[in-house]
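With the hints as constraints, model all of the structure from the sequences given.
Single-letter residue listing:
Protein chains: 4
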Amino acid sequence: MKKKIIAVIGGKSANQDYYDFAYQVGKLIADNGHILICGGLGGVMEAASKGASENGGFTIGILPGFEKKDANPYISIPIVTGISTARNSIIARTCELAIAINGSYGTLSEIAYCLDLGKTVLGYKTHDVKGIISINKPEEIKAYL
Amino acid sequence: MKKKIIAVIGGKSANQDYYDFAYQVGKLIADNGHILICGGLGGVMEAASKGASENGGFTIGILPGFEKKDANPYISIPIVTGISTARNSIIARTCELAIAINGSYGTLSEIAYCLDLGKTVLGYKTHDVKGIISINKPEEIKAYL
Amino acid sequence: MKKKIIAVIGGKSANQDYYDFAYQVGKLIADNGHILICGGLGGVMEAASKGASENGGFTIGILPGFEKKDANPYISIPIVTGISTARNSIIARTCELAIAINGSYGTLSEIAYCLDLGKTVLGYKTHDVKGIISINKPEEIKAYL
Amino acid sequence: MKKKIIAVIGGKSANQDYYDFAYQVGKLIADNGHILICGGLGGVMEAASKGASENGGFTIGILPGFEKKDANPYISIPIVTGISTARNSIIARTCELAIAINGSYGTLSEIAYCLDLGKTVLGYKTHDVKGIISINKPEEIKAYL
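Residue numbers (the working numbering), protein chains in the order written: chain A, 1 to 145; chain B, 1001 to 1145; chain C, 2001 to 2145; chain D, 3001 to 3145.
Please keep in mind that the hints were generated in silico from the structure rather than gathered at the bench.
Honestly, I wouldn't trust all of these hints.
In the DSS-like style, the derived pairs of lysine-lysine whose C-alpha atoms are separated by at most 30 Å in a straight line are [what the hints assert, rightly or not]:
(1) Lys69(A) - Lys3142(D)
(2) Lys1125(B) - Lys119(A)
(3) Lys1068(B) - Lys2068(C)
(4) Lys130(A) - Lys1003(B)
(5) Lys3002(D) - Lys4(A)
(6) Lys2130(C) - Lys3012(D)
(7) Lys1003(B) - Lys2068(C)
(8) Lys68(A) - Lys2068(C)
(9) Lys2130(C) - Lys2142(C)
Next up, the structure:
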């Protein structure tokens, strides 16, 4: 099995539903030996990182700001870009698959970049954009790993 | 009257409807003494630049590539970024108002960035994103200039 | 005569010598019908912008931050990049000629980008880098416009 | 011991002297449990990545282009930025220490960014820039890890 880099994208804050979903997605990415990439901050990003990290996975945080301490505690490798939301394009270019969990306009920009690059995007209660494959349970990502 | 920088965003190719609409939008931006910013390439970007340029307006092209010759012939100032589609965030940050005309996922990323920054986005036959103000005629932009 | 985009690069603060030199360089760029590009902030950038602006010239500021109000008062077009010092590469890609006036490490990165791209760099009391053409008076730039 | 992210910066091509030096530096970074970050391409970047990878280390390649296959074979995590040489600022922001080995203007821009951020830069037969600490043997980096 070859390791893939899988993106989890979503908002800086997350309700319990989104947090739990993201955690399980992160866990599944780790359980299947893949690497998680995300924006490195809180909310959905933190939940997915926690799920991966607590299950032996490896996590990359593509941080928008200037300090590695901005990263949530579950990031293995903080990449400090300093380019703010322009870093969304780097997440899209680096991943092989993206899972979007809810999220606002920042998440929408990441979805758009991923689809523009022809990457598969799975979505849970997120934007209604043509090309997203809607999922209802974390386990559904397994078919795409 | 203070000059504003107004973005026109849309695809690299455009049918006659979109081309004509973009041309008229560019013309109105120029007629009202404002500055046009766009991605600097063809299609909707070219049409809007042409409409502005042929009516005494000033146009900025935020180019994704490495050569100023990538700019359409109606660009007054080609900004050569070399950062590919990450330049979409620069268009969004620089403009005070954006008009989206049709467009695919690249345009969607620009819409998302604009809305994330709280900028007003007017849309003509473009993505159905909450927050976009739909317009049907170029003249409707005048209320927002 | 074809308009060129000419960069003036240098520090955010400037002593009287550097300020005066930058002002005269900006004036000469304007007097010769060319466009000034710079980082848009204070010091050498402001002096050159002032010199161009007060003599009928046109000035572009490639701002590192998030607000157009960061621009010095002599910037005609503030480009709001939000990508911090990564914007230094955009200045280098966009200009056809660069004049470096003193400056610290930020200026050095711009010099390096310009030389990497094969752009001519004129330098006044700046870093000692192979490839820079040293000048002692503002008028010396005229031979390169 | 806490893992640090250490940058090795240098040219896309390398003579035997630079290649061997970079390999040993990469090996030392790995031997001491740290993580290597570099531009991900050939020459000095490849040599350092090989030295780290063949000795159990972990390597991050901050790629300028659009394809992860641009990475040299010793990169553990290819970050695909698509922002060309603007990615040099990301290497500088992410590392805690940089070792410059020879290199041309691209390397000079990375040195400048690192010094601008207050990062320690060790240099082997590289640019003569104030602030670089000159080293003659790979082992000398150990004092800074």
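Comparing the hints with the structure gives:
1. Lys69(A) - Lys3142(D): 25 Å, holds
2. Lys1125(B) - Lys119(A): It holds: about 25 Å lies between the C-alpha atoms, which stays within 30 Å.
3. Lys1068(B) - Lys2068(C): 24 Å, holds
4. Lys130(A) - Lys1003(B): 37 Å, violated
5. Lys3002(D) - Lys4(A): Distance of about 27 Å is within 30 Å: holds.
6. Lys2130(C) - Lys3012(D): 19 Å, holds
7. Lys1003(B) - Lys2068(C): 13 Å, holds
8. Lys68(A) - Lys2068(C): At roughly 27 Å apart (the allowed maximum being 30 Å), Lys2068(C) and Lys68(A) satisfy the hint.
9. Lys2130(C) - Lys2142(C): 22 Å, holds
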